[in-house]
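Visitor: Listed below are the residues making up each chain.
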Amino acid sequence: MPTAAAEEIPRLTFAQLVDAIRADSAVTETIKSYNGKEVAIQGFIVPAGPPDLSFFLLSRVSALGNYCCEAPVGQDETVYVYTAREINITYDPLRIFRVVGVFEAGMRGDAAYGPSLFRLRDARVEEALGAKIFKTADFPNPAAKP
Amino acid sequence: MTILTLAVKYLRGRFVASTLTAVSIALGVSLVVASVLLARGIKEGFIAGATDYNLVVGAKGSATQLVLGVVFRMDLATPNIPYTVYEGLRQDRRVETAVPIGVGDAYRGFRYVATNSAYFSAYPWRRKAFTLAAGRLFADDPAGEPTYEALLGAETARSTGLQIDDRFYEGEEMAEYPLTVVGILRPTHSADDRAIFFSLPSYWGMNEVARGMAVKPLTAVLIRPKQMSDLPSLHREINVAPDTQAVLPSGVLLTIFNMMGVAEDVLKMILAIVGIIVLLYVFVSMYSATMERRREIATMRALGARRASVFGIVLAESAALATLGGVGGIFGGHAVAYLAGALLGSSGLVTNPLRVDVFEPAVLASVIVLGTLAGLLPAALAYRTEVAENLAPLS
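Residue numbers (my numbering), protein chains in the order written: chain D, 1 to 146; chain X, 1 to 395.
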């Protein structure tokens with residue numbers, strides 16, 4: 001059962017991150033207002049760094065679903081995650097995880113992992129069973145058909 | 001006499017039984033400590049030996065075989081891919097560095113690894129640094145003009161005794177193409193310590209089939225993208241191609257860790273059962289000792305010893321046994337881990353089995369607390385010993 005503190009952490013979606021750099025500056029400012037604050041983002045883990053998961057990518061699309069769903073995405077739908085301590089999870093490339101960490105938006109370089117647009121620092125990982133990360137607009141409601 | 005000195009005297013009084021109890025505790029603790037150290041060492045060995053490259057590209061097949069073969073050299077090499085795959089990736093605008101790898105046979109068990117000088121280059125993103133202990137790197141010789149120069153990993157040089165300018169080969173068919181040692185690397189604490197590196201033209205020149213091929217073969221290509229966010233698209237594109245697969249090496253290792261986790265859970269259950277058996281043994285030992293000396297305890301009570309003192313003596317005995325067994329077990333566990341590490345050393349996975357951290361004090365404290373608790377009932381029995389009942393004539 002989620003704790004009261006966990007419920008208070010705002011959740012950002014990949015749709016919001018994409019909109020942040022495609023829409024007007026007001027939306028960008030909205031996303032930037034989360035800078036330095038703890039947020040939760042749900043997505044697929046792409047183990048792009050060392051196997052201790054001290055660094056990994058959080059992506060809207062699974063890295064290993066070769067024949068499924070959507071094409072892999074770029075900077076705007078990828079969050080670079082830096083974890084604070086050892087991550088103890090059962091890794092599953094086809095499972096959605098909820099990641100909580102201190103949010104940073106804006107292009108920045110990193111000697112080890114290159115440039116990134118969105119980052120989560122001091123992050124911790126929680127499993128997120130049954131979480132939906134797709135934009136609801138992507139799925140037309142069958143009940144709405146005439 | 002203090003409670004502790006009395007407890008020690010009692011333990012020495014039944015030396016064989018006390019020693020056997022302490023040894024039983026030590027064996028149980030050794031088993032726990034060695035299991036934990038080895039499991040941790042193997043996992044850390046995999047992490048330390050992991051490649052700094054983010055993608056391994058090879059032939060279609062097992063992703064685990066590709067990573068174990070190319071990065072850890074613990075499996076047979078996957079089938080070949082054409083050199084053109086490397087050329088295509090090198091020119092891809094998303095790729096910062098592409099390194100070709102050809103995994104060959106072995107000399108006295110040390111694998112041949114063909115590559116170019118980029119494999120040893122220092123980049124800001126690399127954790128691993130290659131430095132020379134002696135000599136130089138092999139030459140990046142042009143295709144068709146192999147120099148057959150070899151660069152040895154630290155463990156290869158130590159085990160084989162090969163030195164600079166030594167020429168070597170293994171197998172009659174290789175006699176025409178002996179390799180010459182031109183350099184020896186310092187230890188990297190990875191599979192590279194047990195490799196023999198040379199150039200790709202030398203690799204192709206040594207193989208009769210490869211000599212006749214227009215497009216030369218490779219085992220794999222290591223990739224570092226310019227932007228990490230390009231990794232999923234590179235991965236997908238290479239995987240949907242008919243002849244190649246791309247693997248995230250950390251993904252494969254995490255899958256191996258998942259499988260190890262299942263084995264660790266089973267091991268934890270077995271260790272818990274061992275712990276319970278050892279505690280029962282301590283309990284039975286202390287219970288028997290207390291029952292045997294009820295008359296002695298009654299005499300002590302008759303001479304003025306308080307109930308609390310008698311209770312304390314029995315508890316101190318079991319605590320002393322647990323401490324002895326716990327300390328012995330921690331030393332024994334480290335010794336077993338060290339020996340097992342030496343046996344597994346050829347894989348290079350077990351790292352620093354002699355390391356001591358917060359785990360050992362925690363184990364010792366747990367053993368002392370649980371061992372003392374196992375003596376609680378016998379101590380209560382001693383506490384309740386009635387003087388009159390137990391000093392009655394034996395006949």
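Bear in mind the hints are in silico, worked out from the structure with no lab data behind them. These numbers come from a predicted model, not from an experiment. Virtual Cβ for every residue (Gly too), placed ideally from N, Cα, C. Some clues are possibly wrong.
Cross-link-like lysine to any residue pairs, in silico, SDA-like; alpha carbons within 25 Å at most [said to hold, decoys possible]:
1. X/K226 with X/R90
2. X/K226 with D/S54
3. X/K43 with D/I87
4. X/K216 with X/K43
5. X/K128 with D/P115
6. X/K268 with D/G109
7. X/K226 with D/G109
8. X/K268 with D/I89
9. X/K268 with X/H334
Facing chain X, a subset of chain D residues (Cβ under 8 Å, in silico) [unchecked claim]:
10. Y34
11. G36
12. D52
13. V61
14. G74
15. Y82
16. T83
17. I96
18. A105
19. G106
20. G109
So these bits of chain D aren't anywhere near chain X, every CB distance computed over 12 Å [what the hints assert, rightly or not]:
21. R11
22. I31
23. Q42
24. E77
25. V79
26. V100
27. A112
28. R121
29. D122
Visitor: Are the hints correct? Go through all of them and say.
Guide: Consistency of the hints with the structure:
1. X/K226 with X/R90: Given that 25 Å is the threshold and the Cα spacing comes to 12 Å, the pair holds.
2. X/K226 with D/S54: Cα-Cα ~20 Å, so holds.
3. X/K43 with D/I87: holds, 14 Å
4. X/K216 with X/K43: violated, 36 Å
5. X/K128 with D/P115: Given pair X/K128, D/P115 holds - Cα atoms ~21 Å apart, limit 25 Å.
6. X/K268 with D/G109: With Cα atoms ~43 Å apart, X/K268 and D/G109 exceed 25 Å; violated.
7. X/K226 with D/G109: Holds, at roughly 11 Å.
8. X/K268 with D/I89: The hint holds at about 18 Å.
9. X/K268 with X/H334: holds, 18 Å
10. Y34: violated, 20 Å
11. G36: With Cβ-Cβ at 22 Å, over 8 Å, it is violated.
12. D52: holds, 5 Å
13. V61: D/V61 check passes; min Cβ-Cβ to chain X is 7 Å, inside 8 Å.
14. G74: With Cβ-Cβ at 5 Å, under 8 Å, it holds.
15. Y82: Violated: closest Cβ of chain X sits about 12 Å from D/Y82, beyond 8 Å.
16. T83: violated, 13 Å
17. I96: violated, 15 Å
18. A105: violated, 14 Å
19. G106: Because about 15 Å separates D/G106 from the closest Cβ in chain X, which is outside the 8 Å limit, the hint is violated.
20. G109: Check failed: Cβ of D/G109 comes no nearer than 10 Å to chain X, outside 8 Å.
21. R11: holds, 21 Å
22. I31: holds, 17 Å
23. Q42: holds, 17 Å
24. E77: violated, 8 Å
25. V79: violated, 9 Å
26. V100: Holds, because the least Cβ-Cβ distance between D/V100 and chain X comes to about 20 Å, which exceeds 12 Å.
27. A112: For D/A112, whose nearest Cβ neighbour in chain X is about 5 Å away, the distance does not exceed 12 Å, so it is violated.
28. R121: holds, 15 Å
29. D122: holds, 19 Å
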